[in-house]
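Student: Protein chains in written order, with this note's numbering: chain X, 1 to 608; chain U, 1001 to 1321; chain Y, 2001 to 2228.
No lab work stands behind these hints, which were simulated from the structure alone. All C-beta atoms, glycine included, are put in the ideal place defined by N, C-alpha and C. Watch out, some of these pointers could steer you wrong.
Some chain Y residues flagged as far from chain U (calculated, every beta-carbon gap over 10 Å) [as the list claims (entries may be wrong)]:
{"#": "1", "residue": "Asp2007"}
{"#": "2", "residue": "Ser2019"}
{"#": "3", "residue": "Asn2020"}
{"#": "4", "residue": "Ser2022"}
{"#": "5", "residue": "Gly2038"}
{"#": "6", "residue": "Thr2058"}
{"#": "7", "residue": "Asp2063"}
{"#": "8", "residue": "Glu2096"}
{"#": "9", "residue": "Gln2099"}
{"#": "10", "residue": "Thr2104"}
{"#": "11", "residue": "Ala2113"}
{"#": "12", "residue": "Glu2119"}
{"#": "13", "residue": "Leu2168"}
{"#": "14", "residue": "Gly2178"}
{"#": "15", "residue": "Lys2193"}
Cβ-Cβ distance ranges computed for the label pairs, FRET-style [what the hints assert, rightly or not]:
{"#": "16", "chain 1": "U", "residue 1": "Asn1268", "chain 2": "X", "residue 2": "Pro26", "range": "48 to 54 Å"}
{"#": "17", "chain 1": "U", "residue 1": "Leu1190", "chain 2": "Y", "residue 2": "Val2170", "range": "33 to 39 Å"}
{"#": "18", "chain 1": "Y", "residue 1": "Thr2104", "chain 2": "X", "residue 2": "Asn411", "range": "31 to 37 Å"}
{"#": "19", "chain 1": "X", "residue 1": "Ile196", "chain 2": "U", "residue 2": "Asn1216", "range": "55 to 61 Å"}
{"#": "20", "chain 1": "U", "residue 1": "Ala1101", "chain 2": "X", "residue 2": "Leu32", "range": "53 to 59 Å"}
{"#": "21", "chain 1": "Y", "residue 1": "Val2051", "chain 2": "X", "residue 2": "Phe386", "range": "21 to 27 Å"}
{"#": "22", "chain 1": "Y", "residue 1": "Asn2124", "chain 2": "X", "residue 2": "Val398", "range": "36 to 42 Å"}
{"#": "23", "chain 1": "X", "residue 1": "Val398", "chain 2": "Y", "residue 2": "Gly2178", "range": "52 to 58 Å"}
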Amino acid sequence: MSLAKQSANEGSAKQVFAKQGFVHRPWAPLVLGAGIIVGGTIIGLILGSVTDFGFTRMSLILITTVLLLGLGVVTGTAGMIALCQLSFAAAGAYIVEWMSLHHVASFLGGFAFVFYMICGAAFAMIMGIIVGLPALRLRGVNLAVVTLSLSFVFDVTIVTLGFPGTKTNEFIDRPFGIGGSPEDKDTVWVALFALIVTAIIAIAVVYLQRSRWGSAWKMVAFSERGTASSGTNVRFAKLTAFAVSAGAGGIAGGLFEALYRQGNPTLFGPYSSLVLYVLSAIVGSYLVDMAFFGGVLSVVIPFILTRLSWPMFIGDMLFGVLGIQALTTGSNLGEDIRRGIRRRSREAKLAAVSEVLHDTGAVASVPIPKGTGRPLLVVKDLGVQFGAVKANSNVDIVVTEGTILGLIGPNGAGKSTFIDAVSGFLPHHTGVVELDGVALDNKTPSNIARLGLRRTYQQDRVPSTVTVGAYAKFVTRGKATRAEIDEVLDFFGCPTYYTPLSLVDVGTRRLIEVATGVAAKPKLLMLDEPAAGLDHEQHIAFGERLRQVPTKYGVTLLLIEHDLDLVRSVCSEITVLNFGEVLASGAQDAVLNNPEVLKAYMGETEML
Amino acid sequence: MREDFGPPAHDSLSRYFPYTLQERTEKMIIVNGFAGLTQGAFFAIIGILLTLMSQLTRVVNFSQLAVGMFGGFVGMTLMMNPDIQLNIWLALVVSIVISAALSGIIGWIIATWLPSAPISNRSAVTVAALLLIVSTASVLFGANHSNFTPIVSGNVTQFTIPGGQIVFVSQSLVALLALAFVILIASSILLKRTMFGVRLRAISDRQSAAELIGVNVKVLNVGVWVISGALISLAIGFVPATISNDYISFSLLIIGGSAAALVGAFKNPWLALVGGLLIGALQGVCSAIPQIAPYRDWVVFILILVFLLWNQRKEVWDVAR
Amino acid sequence: MSLVLNDVTVSRGVGPVISNVSLEVKPGQITTLVGPNGAGKTSLIEAIAGVITPSGGTIVMDDVDITKLSKRKRSRAGLSIVEQGRMIFPSLTVKENLQLTARTKADMDEALALFPELEKRLNNQSILLSGGEQQMVVLARAFAAKPKYLLLDEMSLGLAPVVFMRLLPVIEGIAKSGVGVLLVEQFAHLALKIAQDSVVVTSGRVSYQGDPKALLKDAELLRQKYMG
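Only chain X is shown next, with the shape it has when bound in the complex:
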C-alpha cells in the first residue's frame, strides 16, 4: 500500500519534470551561434594581425558561413540536393557590381551598398524560384541534376560575358567608405562588415527555421504526404526553402564584391558549388555554429596546405572522404557533437516523457454523440483501381455532422485506400466526394486539408526534428491559439508544448497527430487506426476522449479501427468494407450483429 503510494509519488514527480522540464530557450542556438561566430572572428582577427593569415581570409570564412547557412536550409533542413549555391552568389555579385558601377542609389551614401546587396539577394531569389518551379515538382534527385546544370550554364555565361567591371577594369566602392586596398588596414573593416551581415543572416535563418515555414521544411524532408495533408503545399514548402537558400547565396555574392570590388568568374564555378554541398553535408550547416565551422575548414585547410607547399586538392580529397562518410551514415559533425554532449540528460528526459504516456487519468464520461443529422461528407460511387485489382468499387458513405463514423473491415478491405482517395492522394479515382456541399474530386491534398478535411496516418508522419509545439503550430495553420493547443494536448495526455519529438515514442507521436488534427478544427477528421500501439487501458481512455471531440471541439470524426471494443464505445454508426465494397452500413448494433459482417471477419464461408 505504502509502496504503491511511494511509486505514485515518484511517477508524479517525473511527470512534473516532463510537463515543466522542457523550458523554451529560443535564444539558445543564437547565443551559441553568435558566441562562436563573434569569438571565432575575434580570434581570426588576432591571428590575422600577428600572422600572415590576414583579414581577407577572415572575410572569406564569414562569406562561406553565409553560403553554408543558406545551403543548410535547403540541403539540411528540407533534405534536398542543391548544387548551384555559388551561381546564386555570382548573380548577387553581378547585380551589386552593376548597380554600383551605375551609381543606381548613390544618394543613399554608405548604405547604397547595402541596398545593392538586398537587390542582389532578391534577384538570386527570383532566379531560384524560376529554376525551382519546374525542378521542385520532380522528386528528389532531379533537383540535383537541374541545379548542377544551372551552375554549369551560369558559369559559362559569366565566363563569356565577364562581370560588368571586367572589360573596363573598373572596381566598385566598398560599403561605408571603407578603403579600397587589399591591405589589412582596409580588409579588417570588410571583415567586420561581413561579421555584421553574417550575424543578421544567422538570426534570420534561425528565426525562419522556427517559423511555420521552417516546420514545413522539416516536415517535407520527413514526409511529403504528411505535409500535404496538413494543408501545406509541398511545392510551396520546397520552393520557400530553395528561395531562402538562393537569397543567402545572393548576399554572399554581395560580400564577395565588398571584399574584391570586382567579380571573378573562377570563384563561382560548378566545382565550387559541389565542394560547398559536400562541406554542408559534413558539418550539418543548418546549425549556425557548424556553418561557421564549415567556413573555417574551407579557408584554414587550404591555408595550411599552402604553408606546407602541399597540393591544394588534398583538402578536397579530405572533404570527399568525409563527405562519403557523412552521407552514407546520414549523420553530420554538428549532430554528432550535440548527441555526445546531450546523451546523459537525454536518457533522463526520455524516461520522464514515457511516464507521461501512462497518465491516462479519467475524463467525464459522455454518451456516444448523435450528431445534428446534417450530412457532412457525402461519397457516391467511389472507385479505385490498381492494375487489375479493384481496391474500392461503388463505395457510398455519408458521414453525419457531429458524429463518429466507424469504418471497419478485414485487412485489405480497402479502408486506407478509401481515405487516400477522399483526401486527394489518388486523383484517378472515380465517383463523387463532397464535403459540406463542396466537391473535392479535383482538389489537391493540401487544398482538401484547408477546406476542412484532415486525416492521420497508420505510419508515423510526425517528424522527430521539431518540438511538439512547432508541429502543432504547423498543423493548425493559425487556426488555434497557444492556449487552445495546450488544452488539446493536455486533453489527450500528450507531452507538453516544448517537448522535442525526438524524445517521444511512435505510439505517442500518433496520439499527438490526432490531438493536433483536432486542434486544427477541421470539419471532418479521418483517423486511420489511431490507437494501434496503445495498450488496452489506454484504448479505453482514448475512446472516452474521442467521444467528446464532436461536441467539445466541433470536429466530426471518421474512425478506422481494428479494436471493435473501441469502435463499439465511440461510434453511433458503422460502415463495413469488404473486398473494396460496402458490406453493411447503419446503426452500431445492427451492423455488428449482422451475420454477413461476422462472416467477413471470421471467414465462416462454410456457413454459406
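Chains U and Y: place on chain X using the hints.
Tutor: Chains U and Y in isolation, oriented as in the chain X frame:
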C-alpha cells in the same frame, strides 16, 4: 570561399567541345548541327548508362564520368611513361579495369551502408565521390597532363550538302553511335533474356521481396556498377581528342549526360539516346548562329526546364512517403 | 527436424508486439496461426523470415540456429515466405516470376502443376493478372524454390472466399509433399480445417496451442477472440 580553385577561365566555348569554337555563318547550320552529334552521341551514352543505373540500382551516379576519367588517366600515364610505353589497346584495357573497379567500390559502399535508402540519399554519396575522384586525380596526375589519345580519329566519309558545304562524318561519331546502340540492345537482351537481368528487374520492382526469395541484391547492384564503369571508360576511348580534359571540366560532362537522361525521365534509355543526340545537335546549330552562340547552353537548359514543366504537370505521390 | 521458435520476443516502437512465443512447425504438417488483427501475427512471420530481428529468443530450423542469418541466407537454407499483399514482381511476366526461384525445369513444371490455369498466362506481365491469379503466382513461386518450410501470411487478404478456397487444397498438397507449412490467417475456420496443429495469438502472446479440431468445436471461444 577560396581564391584558388575552379578551372582556368578561358574562352567558354572552347572549354568543353572546342571544335565548335569557330564562329560560323548561318549557312553552316547543318554542318555544325552534324558536328554537334559527336558530342551528342557521347552525352547519349552517359544518359543511357545513367538511366539504366537509376532504374536498376536506384541511384543517379554523378561520379560516373569522373570514374571513367580516372581510369583513362591511369591508362594515359602508363602509355606516356617513357619506361613503360604501354600499347594504346593495352592502355585502354587498363583504363577499363581501373574504372570498373573504382565504380564497383562506390557501388559497394552504397549497397552496404544505404541498402534501402531513398534514391536521393544514395545519389548524394556519388556527389562526394565525384569530389574525391577529381581531387585525387589532380593530386596524382598533376596539373600538366596531356589530353586523352583517342582510339579512333579522322573521318569515315564526307558528303556535300546543297549549298556547297561539306559535312564530315567522323570515326568518333560512328564509334560512339555504334556503342550507344550496342549498349541499348545488349542491355535489353540482358534484362529480358538472362536470369541476371530478370533478377535485376525483380530488385528494381521490389527489393525486399527479392531478398526474401534469395536474390543477392548487393552482388547484383555492384555488378551493375562495375559494368557501367567499364562501359563509360570504353566510351571515353572513342571521344575525339579535341574534347578538353582537365579533370573538373571532363567530369562535369556528366551534366550533358544527365540532361539527356532527363529527357527520358531517367526511365527510358531510348529517349536518353534521342535526348543526347538532340542536345548535341542543338548546341551545334546554336553555335552557327552568332547571335545565339554565346547562349547556346541556356537554350538547352531552358528547353529541358520547359520539357520538365510539361512532363510533370500532374502532382505525383510516392507510394511510401 | 522441425522449425522451432523458442521464447521469441519482437519489439517495435512502443514495446513488445510479440512476447515469449514458442511454437514448432513440423515437416509435412500445416500449423495454422490465428488471432485477431493487431495481435502480432505478421511481426512473428517477419521475425522468422528475417525482415525484423527478434529482441529475444531463438529460431532454429532443422537444428540450425537461423536467428541471426540474413533474409537471403534463410531463403537459401530452405525457408520460403509468401508475404501479405500479393508480392508479385509487377513488371516481370508470370514465367519470369517463377524462374526467380525455380532452379531446374522440373521445379518450374512442378510449381506450374499446382495451378494449371497459369499455363496460358505464362508470358503475361503479372501486374495484369487478377488478384487471385497474382496470389497463385506468388504461391507457385514460393513452392518452386523447393522449400523445407513455407510461411504463408494472410493469403486470403482482399481475395474473395471462393478464390481462397481454390488455394487451400493446394496448400494441403504442398504440405503432403513434405513441406512444413505455417499458415497465418484471418479466415480462421477454413484455415483451421486443413491444419494438423494450431496456435492462437492474442496481444502478442500464445493463448491457445494444440489440436485445431478442439478449437473449431469451441466456436464461441474463437468468436470472442475475434469480435471482442
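Student: Hint compliance check: list the failing hint numbers for this structure, sorted ascending.
Tutor: Per hint list: 8, 9 and 20 violated.
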